[in-house]
Each structure stands twice: as C-alpha cells, then as structure tokens.
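Going down the list, the sequences are from chains A and B.
Position 189 of the first sequence, counted from 1, bears residue number 233 in our numbering, the numbering being contiguous throughout.
Position 343 of the second sequence, counted from 1, bears residue number 387 in our numbering, the numbering being contiguous throughout.
The hints are simulated quantities; they were obtained by calculation from the structure and are not laboratory data.
Here the structure is a predicted model, which is why all the values come from computation and not from measurement.
Since the list gives no way to pick one copy over another, a pair counts as held whenever it fits inside one copy or between any two copies.
The list that follows gives simulated cross-link-like pairs (lysine to any residue, SDA-like), each with its CA atoms no further than 25 Å apart:
1) K175 / N332
2) K277 / E188
3) K272 / Q217
4) K441 / D214
5) K390 / R108
6) K175 / K249
7) K272 / I181
8) K179 / K277
9) K277 / D214
The lines below spell out each chain.
2 protein chains.
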Amino acid sequence: MTDTNTTPSTETKEQIVTPWEVEASAGGVDYDKLVNQFGSTRISEELIARFERVTGKKAHHFLRRGIFFSHRDLKEILDHHEAGKKWYLYTGRGPSSGSLHFGHLLPFLFTKYLQDAFNVPLVVQMTNDEKFLWKGITIEESIEYTHNNVKDIIALGFDVQKTFIFSNLDYIQYLYPNAIKISRCVNLNQIKNIFGFQDSDAVGKFTFPPIQAAPCFPDSFPHIFDPKDPEIKAVRCLIPCAIDQDPYFRMTRDVAQRLGYNKPSLIHSKFFPALQGHNTKMSASDLNSAVYLSDTPQQVKDKIKKHAFSGGGATKEDQEKYGANLSVDITYEYLTFLLEDDDQLKEIAEKYSTGKMLTGEIKQILIDIMVKIIARHKEARSKVTDEVLNSFMSIRKLNF
Amino acid sequence: MTDTNTTPSTETKEQIVTPWEVEASAGGVDYDKLVNQFGSTRISEELIARFERVTGKKAHHFLRRGIFFSHRDLKEILDHHEAGKKWYLYTGRGPSSGSLHFGHLLPFLFTKYLQDAFNVPLVVQMTNDEKFLWKGITIEESIEYTHNNVKDIIALGFDVQKTFIFSNLDYIQYLYPNAIKISRCVNLNQIKNIFGFQDSDAVGKFTFPPIQAAPCFPDSFPHIFDPKDPEIKAVRCLIPCAIDQDPYFRMTRDVAQRLGYNKPSLIHSKFFPALQGHNTKMSASDLNSAVYLSDTPQQVKDKIKKHAFSGGGATKEDQEKYGANLSVDITYEYLTFLLEDDDQLKEIAEKYSTGKMLTGEIKQILIDIMVKIIARHKEARSKVTDEVLNSFMSIRKLNF
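Let the hints inform the model, and build the full structure from the sequences given.
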C-alpha cells in the first residue's frame with residue numbers, strides 16, 4: 045500500500061543539471077551520463093580502498109554506497125597527503141531562508157568526516173552575494189539567511205580550530221584579487237558555454253563565477269596559509285560538493301595552472317532527492333519537497349507518510365505479493381543516506397523488496413531516524429550563540 | 045616657422061570616444077556631436093553665472109573657457125547646495141606607471157577648485173582593478189602604480205580633512221554591496237551597448253562598470269555619511285571627469301532611482317590633447333604624446349619644441365605674413381588650460397594669430413609655465429611621505 049497519490053511523469057525528457065536547476069526523468073538523474081558529460085571520473089573500488097589505507101579508517105558510508113560517486117584528481121590529494129604536503133577542504137552554501145533541510149546536510153556531513161579523517165583546514169563559503177543576485181531578496185535578508193544557515197552548519201560539529209566560515213559580502217576583499225585574476229583569463233563565450241547565461245541576464249550573474257572560484261586558491265586565505273611561504277601556491281584544495289556545482293570548478297581548473305596553482309580536486313555527491321521522487325533534488329523553494337532540521341516530529345511524520353514517493357505495492361496485498369521497487373522508493377533511498385549500519389540497511393532492503401515489510405513500516409523507520417537526527421541537531425544548535433558564530437567567522441589563524 | 049614635421053591625417057573618420065580610446069579626425073574631437081550622442085547638456089552662460097552667485101567666486105577658467113563644457117543635472121547640485129543639503133564630489137583615476145602627465149591634472153585641478161569653493165567631501169577612486177583587467181600587469185604592479193599616482197594627486201593640494209582616496213583592491217568590501225545591487229539591475233545587452241564589449245572579451249571587463257558606479261551612492265562611504273541617517277540615500281554626488289567616462293555614469297543614472305538614490309550629477313571636461321595634435325588625448329601609453337610632472341626642464345623644452353603640433357606659418361616669413369591658426373595649435377591650446385590670466389592669454393592669441401608672435405616664442409611661454417608648474421609639483425610631492433599617503437587613504441571620518 046502506498047501513502048502517496050502523486051506519480052512522477054514517465055515521459056523521457058532531456059535532463060538538466062546546473063547550479064540552479066536539477067530536472068531529470070522519472071527514473072532519476074542519470075549519473076553515468078553526467079559523468080560523461082562533465083568529464084569527471086567515477087570513484088572506483090580501488091580508490092576507496094586507497095582512501096581507507098591512507099586514512100586508516102573504514103570509508104564513510106557515503107563513499108561505500110556511491111553517494112559520493114565521482115571525482116577529479118582525488119588521487120593527487122591522497123598522494124599530496126601521504127607526502128606530508130599541505131592541502132585544505134573547500135565547500136560552500138548559498139544561504140536560504142529558514143533552516144537547512146536534509147539535502148543540505150550531505151556535503152557538510154561528508155566534509156566533516158574528511159576534516160576529521162585527514163586533520164586539514166576547512167573553508168566554507170556562504171554565497172550571500174549569489175543569493176542576492178539570483179533571488180529577489182535584499183542585502184539585509186541575504187545576511188540574515190547567512191547567519192541562520194551558518195549556525196546550522198556549525199551545529200553539525202565542525203572543529204573551530206580547523207574551520208573558517210566566511211560570507212562573500214564580508215570577505216570579498218580577500219577574494220577579489222584572485223577573482224579578477226580568474227576573470228581576466230575567462231572570456232564571456234566561455235562563461236556562457238559553461239553556465240548557459242544569456243545576454244538578457246543581469247551582468248551580476250556573469251560576474252559571480254570567479255567569486256566562487258577564488259577560494260580554490262590558497263592565497264585567498266592569508267590568515268591560514270602564510271603568504272610569505274614560497275610554496276603557498278602549491279597548497280592543494282579538495283572540494284566536496286553536489287555534482288551540480290561542478291561547472292564552477294571546471295572553469296577554475298581550466299585557468300588554475302596558467303595562474304600558477306594546482307587544479308582544485310573535487311569529490312561529487314549525488315543529489316538528495318525530493319520527497320516526491322528522483323526527478324529533482326530536495327529544494328528549499330518547495331516546502332513539501334524537503335524535511336527541515338527545524339521540523340517537528342509531527343511534521344516529519346506527516347511529510348514522510350504523505351509525500352515520500354513509494355516503490356511499494358499499491359495495496360497491502362500487492363506489497364506482500366510483489367514486494368517494493370527499491371530503485372524508485374524515496375524512503376529507502378533516504379535510509380541509504382541516513383542509516384549508517386550496513387547490516388540493518390541490508391535487512392530492510394531484503395524484507396521490503398520481498399514484501400516482508402510494508403511501506404508504513406519502512407517509513408516509520410525513516411521517521412524515527414530523522415526525528416532523532418533533528419532532536420540532536422536542535423540540541424546542538426541551541427548552543428551555537430552569536431559568539432560561537434563570530435568565532436567561526438572571524439579572520440584568524442587555524443590550528444592543523 | 046614650425047618645429048614639427050608631423051602633420052595629422054586629414055581624412056575624415058568616425059570619431060571614437062570610449063573610456064579606453066579617443067580617436068577623432070584631424071580637426072579634433074567634435075564635442076557638439078559628443079554632447080548630442082551622449083545626451084548631456086552644454087554648460088550655458090547662465091549656468092556659469094549661477095555657479096558664481098552660489099560660490100561667491102569668479103568661475104574657474106576651465107569653466108569660463110569651456111574646458112569643462114558639458115554636464116548632467118548640475119543645476120540640481122546647486123539647488124541642493126543652496127538648500128544646505130549634503131552632497132559630495134567623486135572623481136577617479138586608473139593608475140598608470142610613472143608620474144602623472146598634464147592631461148591627468150585637468151579633472152583633479154578642477155575638483156580641487158570645487159572642493160575649495162563648496163567645502164564638500166571628495167572621494168577619489170583609484171581603479172587598480174581596472175588597470176589589472178585591461179593591461180597585462182600584475183596585481184603588485186597595479187598597487188605600486190596606485191601609490192605613485194596617489195602621491196601625485198595629494199601633491200596637488202587636496203585637504204586631508206575633506207578627502208578620502210581609496211583603491212578598489214583595498215576598498216572593495218565597501219563597494220561590493222552597491223556594485224551587486226547595480227549589477228542585478230543592468231543586463232548584459234545594456235553593458236554591451238554602453239561599453240562595446242564583445243563575447244570574446246574577458247568576463248572581468250563586464251564586471252568592472254558596477255565597481256566604478258558604486259561610489260556614486262553615498263552609502264558606499266559609511267565612515268563619511270552616517271548609515272543611521274534616514275536621509276543618507278538623498279545625499280547627492282557630483283562627478284567631475286573627462287567626457288570619455290560618461291558611459292559609466294549613464295549606466296549608473298539609469299538604475300539610481302530604482303535603487304532609491306538620486307541620479308549622480310556630472311560635469312564633463314574636454315580632453316587634454318596629445319602634443320601631436322587634436323585627434324587624440326594625451327596618453328600615458330605614448331611617452332612622446334605627453335609632458336609628465338616628472339619631466340626635467342630640458343625634457344619639457346625638447347618635447348614642446350619638437351612635438352607640439354603648430355598652427356603657425358611654415359616659415360618665419362609665412363608666420364609674419366599670415367599668422368597662426370589657433371584652432372589647431374597645440375601650444376596655444378595648452379595655454380588655455382594652464383595660463384589663468386585672461387588678459388595675458390588674449391594678448392598672446394592676438395599677437396600669435398596675426399603673426400606678431402612666432403611659434404618659437406609662444407612655445408617658450410608654454411615651456412616656462414610648464415617648467416614652473418613641474419618645479420612646484422616636485423617640491424610639493426617631495427613632502428608626500430608614505431605617512432601622508434596613508435592618512436588620505438585611511439578609512440576615517442571627514443570634517444566638512
């Protein structure tokens with residue numbers, strides 16, 4: 045039996061994946077196609093094994109389950125790390141109103157794992173300028189969103205000794221020299237080809253990509269990497285991000301060596317799908333597509349029960365007879381993201397796909413996990429005062 | 045008799061006036077055409093008379109002689125001033141290597157006169173980012189040029205109590221909010237139409253105009269205009285500049301009211317022509333086109349004698365018989381810029397045009413004036429220490 049009446053459209057359409065839009069056919073995003081189109085590389089079993097050797101730890105379940113599935117020059121980061129050379133993590137977020145949702149957690153949870161596993165500095169860019177340029181909000185709203193989102197990010201447990209969070213409106217003076225170096229190397233044709241902007245678009249859109257590119261270069265952070273170090277430009281950068289952000293860094297990689305830097309490395313995640321199905325990502329623009337870290341237990345229950353697209357049988361009898369189609373089941377997919385225990389996940393998969401578990405039951409498992417994560421998050425976030433926020437966002441030396 | 049062999053081409057061509065290029069026919073820039081094309085207004089005798097009434101002083105010879113010849117909304121500034129309301133002056137410079145030349149002096153000398161006459165704050169933008177983007181120089185060179193040029197500007201006698209000089213690389217964090225507000229309102233088609241950029245141009249060029257526009261809005265200067273003042277957005281801005289800079293401010297004026305500001309007012313100067321003739325402006329890119337504030341008396345003499353295009357007779361006899369054509373004579377034109385005494389200028393014009401003065405004589409008068417200005421400038425500049433430079437460029441309250 046299914047709790048939802050909405051069926052994703054089955055017509056085939058061209059998938060669209062840009063930093064501002066993810067639209068795929070009902071079968072979900074075709075990640076193989078994306079890897080081919082973008083020219084990145086699938087993460088192999090060998091690379092995961094190497095990851096485990098270098099870190100001395102079991103690989104994160106996001107890696108083991110192919111949620112972080114694609115990369116560029118990840119091997120170079122591992123080589124660099126083994127050689128005892130400096131590198132850092134760079135990720136970011138376009139601040140949105142209200143609380144983060146579960147889709148936003150993906151890159152941050154994985155980034156935290158990387159920071160802990162490698163003990164390297166992390167810089168987090170809050171693109172409040174981008175949100176101002178793309179959405180009809182005021183500068184003041186973009187700043188308010190930034191502070192709210194940063195508090196959510198801090199509550200995920202980042203180490204203040206190793207983490208610098210900055211917003212573009214606050215930190216632009218440090219990014220600007222590298223942004224104009226990049227923007228002198230990239231012409232408008234290239235920007236149009238990479239990002240699909242039109243002549244009718246605001247010029248601000250064209251000017252933004254170099255700002256997101258600038259943190260890939262270590263001398264954008266003179267308080268973290270000593271500008272007097274003759275080797276500063278050799279410091280490497282690894283960017284964990286959803287694959288829709290790749291265009292920015294393709295552009296950056298094209299110009300990096302001309303400017304004397306290493307190409308930034310990337311590790312790409314799949315999207316956290318919307319409750320309604322695989323054809324788009326969880327979006328802060330559609331409240332019913334997402335479960336928020338601020339939702340009450342009742343809201344979580346209602347959203348999962350009502351909106352999470354089910355691959356289970358249409359009736360109890362059908363489910364018991366045919367089992368569930370896991371490949372379209374959103375509840376099951378969410379569990380692959382959120383349930384760390386491999387054995388438990390495997391057991392659920394087996395029972396649910398063979399009809400020994402009903403849709404209501406698997407949904408309840410997910411609801412319980414989400415409610416627990418949210419409770420833990422709310423508790424942690426309540427301790428993130430303005431003072432804590434300022435400590436993460438202040439320009440200072442890091443310890444690593 | 046003429047000291048120069050170079051004759052400007054007489055073929056008629058389309059005149060080109062952009063912030064990066066000034067090219068006109070041999071007859072010089074057609075300023076009437078430019079006023080029509082740009083949609084600005086000629087400064088009338090009535091407006092000059094009003095200027096004198098409001099300031100209680102004789103109008104500057106740049107105004108009397110039509111060197112500052114065109115404007116936009118200058119009347120609004122005078123009304124605003126008479127009503128005791130706040131306004132400020134904004135001018136700027138793209139830093140170049142070496143010293144300033146006489147062409148660079150024009151807007152600054154006039155700006156100083158305005159500052160003294162009206163007792164208003166002045167902000168001076170050094171567009172070192174622009175120079176980095178347009179020229180093949182490094183960030184470090186653009187900063188070095190800035191400091192050298194700022195010392196020359198300070199030596200012209202600006203009042204540190206009323207003057208804030210900033211470079212974009214230093215001050216970008218204060219300009220950025222207004223720059224992105226502007227860049228959200230202007231689309232790429234508009235930028236292309238106004239500035240003539242192509243898709244093959246570096247994207248950095250497209251990002252620059254909003255940076256030059258941002259200082260037109262008073263809240264780009266929170267240390268000068270109290271951000272808590274509910275009337276801050278009503279503060280007006282007057283921009284003295286050469287007319288080639290008008291495109292930036294046409295763009296700014298188009299968006300100002302949508303963003304809640306007054307349109308910036310402008311007062312435009314003609315160009316200081318190159319030694320070789322009226323068809324282009326004095327340019328730092330061609331050493332022989334310009335007399336520098338760092339030139340020795342011998343260099344000044346050689347440049348004027350050898351390169352200043354003459355409207356005098358080809359021989360002593362011709363000059364005595366026919367007199368000089370003042371309208372193409374560069375030496376005479378320079379005197380209209382540099383010789384304040386109206387009676388003396390009138391006498392020179394009469395004698396030279398009727399053949400009672402030879403080319404060598406008028407050139408000697410100009411040489412003497414330029415050598416004297418340079419000597420005075422060198423003396424003043426020797427007192428502009430790094431400390432003085434820092435005091436003009438530091439972010440601080442002004443007194444006005």
